[in-house]
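A.B. asks: Numbered per the working numbering, the sequence shown finishes at 89, counting up by one with no gaps.
Hints are computed from structural coordinates only; laboratory data are not their basis.
One or more hints might be untrue.
[To be verified] Cβ pair distances, simulated, as ranges:
#  : residue 1 : residue 2 : range
1  : Y(-2)     : N87       : 18 to 24 Å
2  : D33       : N70       : 15 to 21 Å
3  : V30       : N82       : 17 to 23 Å
4  : D33       : W66       : 27 to 33 Å
5  : V30       : T(-11)    : 26 to 32 Å
6  : V(-9)     : N70       : 16 to 22 Å
7  : N87       : W66       : 18 to 24 Å
8  : Y68       : G34       : 29 to 35 Å
9  : N70       : P40       : 33 to 39 Å
10 : Y68       : D33       : 16 to 22 Å
11 : S65       : P40       : 15 to 21 Å
Using N, Cα and C, we set each Cβ at its ideal position, and we do this for glycine too.
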Amino acid sequence: PGTTTITNVAKVPMLYDFPISATDWPGTVVDFWGAGFISVHGNQQNLVCLDGHAKSFPQQQLIPDPNYNDANGGGGCSPANVSWSYGNYQGQCFWYWGTNWADPNHQ
């Protein structure tokens, strides 16, 4: 929706260990990342940040929208601080962390 700026290199995700589509992981397209998804890491996912450190996060912290579905492109995780939005999780999903599009708790 505009220029992206980094606000915190320790929060910007660079690598993560979960797949991006149903073709990369056993499961179904419907509710793929939603409440029905169970990972092999006890619902924890590893994330490497721009500053080089790695940390494990609960899946629900990375993608907090329980209705997120890889097939529909994101459910309710629109950027924060924009004039348009959808859902209830603006700026909370991990792909916004450490940028001006993250909610204040993740900038």
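A.B. asks: Determine for every hint whether it applies to the structure shown.
C.D. replies: Going through the hints against the structure:
Here the CB-CB span from Y(-2) to N87 is close to 19 Å, well matched to the stated 18 to 24 Å. Distance hint check for D33 and N70: the Cβ-Cβ separation is about 30 Å, which falls outside the suggested range of 15 to 21 Å. Remark: the range hint 17 to 23 Å for V30 to N82 is upheld by a beta-carbon distance near 21 Å. Distance hint for D33 and W66: a CB-CB separation of about 31 Å, consistent with the stated range 27 to 33 Å.
As the Cβ distance of V30 to T(-11) is approximately 18 Å, the hint placing it in 26 to 32 Å is violated. Taken as a hint, the range 16 to 22 Å is violated for the pair V(-9) and N70, whose Cβ atoms sit roughly 28 Å apart. At about 21 Å, the beta-carbon gap between N87 and W66 stays in the expected band of 18 to 24 Å. Separation of Y68 from G34 is about 34 Å and conforms to the stated range, judged on CB atoms against 29 to 35 Å.
Roughly 18 Å separates the CB atoms of N70 and P40, a value that falls outside the hinted 33 to 39 Å. Between Y68 and D33 the C-beta distance comes to about 31 Å, which lies outside the given range of 16 to 22 Å. The hinted range of 15 to 21 Å is not satisfied by S65 and P40, whose Cβ atoms lie roughly 31 Å apart.
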